[in-house]
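Which chain is which? The protein sequence lines are A and B, in order.
If you use my numbering, the first sequence corresponds to residues 1 to 226, in order.
If you use my numbering, the second sequence corresponds to residues 1 to 265, in order.
Do not take every clue at face value.
As the list claims (entries may be wrong) - Only pairs whose alpha carbons sit at most 25 Å apart, straight line, appear in this in silico SDA-like list of lysine to any residue:
| # | chain 1 | residue 1 | chain 2 | residue 2 |
| --- | --- | --- | --- | --- |
| 1 | A | 78 | B | 261 |
| 2 | B | 177 | A | 7 |
| 3 | A | 8 | B | 256 |
| 4 | A | 10 | A | 212 |
| 5 | A | 109 | B | 175 |
| 6 | B | 97 | B | 186 |
| 7 | B | 177 | A | 103 |
| 8 | A | 102 | B | 185 |
| 9 | A | 177 | A | 197 |
| 10 | B | 189 | A | 91 |
| 11 | B | 163 | A | 43 |
| 12 | B | 163 | A | 64 |
| 13 | A | 78 | B | 90 |
| 14 | B | 163 | A | 104 |
| 15 | A | 78 | B | 258 |
| 16 | A | 102 | B | 165 |
| 17 | A | 10 | B | 265 |
| 18 | A | 78 | B | 78 |
| 19 | A | 132 | B | 90 |
| 20 | A | 7 | A | 91 |
| 21 | A | 10 | B | 131 |
| 22 | A | 212 | A | 27 |
| 23 | A | 7 | B | 263 |
| 24 | A | 102 | B | 248 |
| 25 | A | 102 | B | 258 |
| 26 | B | 189 | B | 258 |
| 27 | A | 102 | B | 178 |
Since the hints were made in silico from the structure, they are not lab data.
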Amino acid sequence: MSILTIKKAKKLLGDARALRGLSLDLEKGEIISLVGPSGSGKTTLLRAMNRLIELDSGSIFFQGENITDMDPVDLRRKVVLVPQESVMLQGTVKENVQYGPKLAGAVGKCDVGRCLMDAGLSPKFAGKEAGKLSGGEKKRVALARALALHPEVLLLDEPTVGVDPRKVERMEGTILKFARDAGLTVVWVTHDVPQALRVSDRIANLKNGVVKEVKKAAEFRWEGAY
Amino acid sequence: MGGSILTGIPYTWEEGLVIMGIMMVMLVIAIGLSVWKKIGIAREYTYALIRGGLQLFAAATLLYFLFEFEYWYYPIWLFLIAMALMGGYTSARRAGKMPKAYRITTPSILVGGTVVLVVLRVSGAMPYKPQFVIPLAGMVFGNAMTICSLALNRLTREFETNKPTLETMLSLGATPKEAMEEYGRMSIKAALIPNIDSLKTLGIIFIPGAMAGLLIAGTNPILAAEYQIIVYLMIIGGGIITSIMVIALSRRLLFTRAQQIAEWV
Ligand SMILES: Nc1ncnc2c1ncn2[C@@H]1O[C@H](COP(=O)(O)OP(=O)(O)OP(=O)(O)O)[C@@H](O)[C@H]1O
Ligand SMILES: [Mg+2]
């Protein structure tokens with residue numbers, strides 16, 4: 001069953017045709033990687049799925065419903081984005097993780113330590129000031145903050161960039177475990193093709209704002225894919 | 001037009017012209033100094049002086065006839081609306097790249113100013129005479145405009161510099177109202193600072209216009225101070241209403257209906 005369907009999405013940003021009629025279908029519970037050269041539209045696609053930007057034409061369906069017919073807040077709590085740039089909100093790591101649940105009136109049900117661990121970070125970080133963390137730590141706080149919303153679809157924009165190489169595989173492992181346990185659908189943007197091969201069920205190769213090919217990870221040949 | 005507050009002036013208007021001439025000479029010397037020191041404001045200063053002087057005399061002529069006019073209260077409504085429109089357009093220019101900002105500045109200034117004038121009138125502080133209504137309206141709308149500009153300027157700058165933060169909040173399920181709350185509060189506060197500071201220094205380094213006028217006209221200083229306080233409180237109250245309103249209204253221009261940050265930011 002497909003959970004998210006993108007149909008002929010087009011988006012012009014400034015004078016760049018970021019999406020040029022992109023179509024893609026996501027199965028519920030799958031982990032799909034998006035690879036492709038810089039500027040191929042990966043970030044733009046994730047932002048459109050989170051409805052931070054409006055498509056010029058084409059449409060996106062979440063569980064059969066056009067996202068333009070949904071309440072944006074409702075959509076963003078189900079299809080959750082971890083953006084390419086992790087922006088920390090004022091305050092501690094704990095306050096950052098609780099930000100979403102608090103707005104949803106569910107702060108009582110939010111286990112900050114659990115979220116941090118699922119994002120590959122020690123619960124000891126909870127009391128630290130978020131703005132002062134390193135880039136890789138911020139990345140993981142941003143992930144924990146997203147997990148706290150109990151998403152159905154997780155949109156990860158280069159989640160391990162800036163993370164200490166020795167911790168990357170561990171982070172991949174925790175994300176995978178969490179996603180499989182919760183039955184999450186994950187869209188994982190990466191430039192690291194070996195990573196895509198490690199983590200995903202399928203890999204979509206983007207170029208010039210369209211999906212060039214989608215293959216099962218086992219069948220994906222990345223020589224010359226870019 | 002007996003009873004004008006200008007009876008306190010100690011010379012005839014012909015003598016006044018001579019005094020003005022003397023002041024002009026002094027000003028020319030001062031501007032000469034600034035040219036010599038290459039401060040680079042002489043041209044703009046001269047322009048501002050001529051423009052301001054002409055505007056003031058035009059306004060005075062208008063007032064002169066208005067004060068004499070039996071049905072003065074008809075044109076005065078036009079006057080008030082014109083003040084709000086002027087204020088709205090002037091203030092909108094401080095809104096950075098925000099398109100059509102006058103749509104939010106004009107009603108904010110109009111409402112903030114009108115509420116104050118109505119309270120001044122109802123409380124008896126403002127007799128329904130053009131000598132009172134026009135200068136008070138000028139002060140009230142003038143202050144509302146300044147506060148509106150400050151609040152909106154600050155808010156649009158906060159948006160331009162904190163776009164990633166705002167977007168992060170939206171992305172985590174905040175409504176536009178929730179995302180901008182803190183920035184709105186900061187902008188209102190910043191806009192009110194000049195008023196608060198002049199309140200604090202009232203009487204020490206700052207004798208405001210209304211009180212100065214009353215003193216020159218020979219009013220008892222205690223009464224003049226009391227009147228000034230009443231006027232001041234009202235003006236500040238109007239400013240608060242205007243700033244809250246302009247921030248609330250700006251939400252429609254800063255965000256799209258789909259709760260995204262507007263493209264122009
Ligand atoms: N706000 C913007 N204004 C103008 N052009 C933009 C804007 N955002 C993105 N673009 C352009 O849109 C195109 C797609 O950008 P996008 O960020 O989606 O690429 P990407 O695949 O995520 O690249 P990367 O791998 O470098 O992150 C690029 O050509 C980019 O320059
Ligand atoms: Mg990108």
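(message) Are any of the numbered hints broken by this structure? If so, which, sorted upward?
(response) 2, 12, 13, 18, 19, 20, 21 and 26
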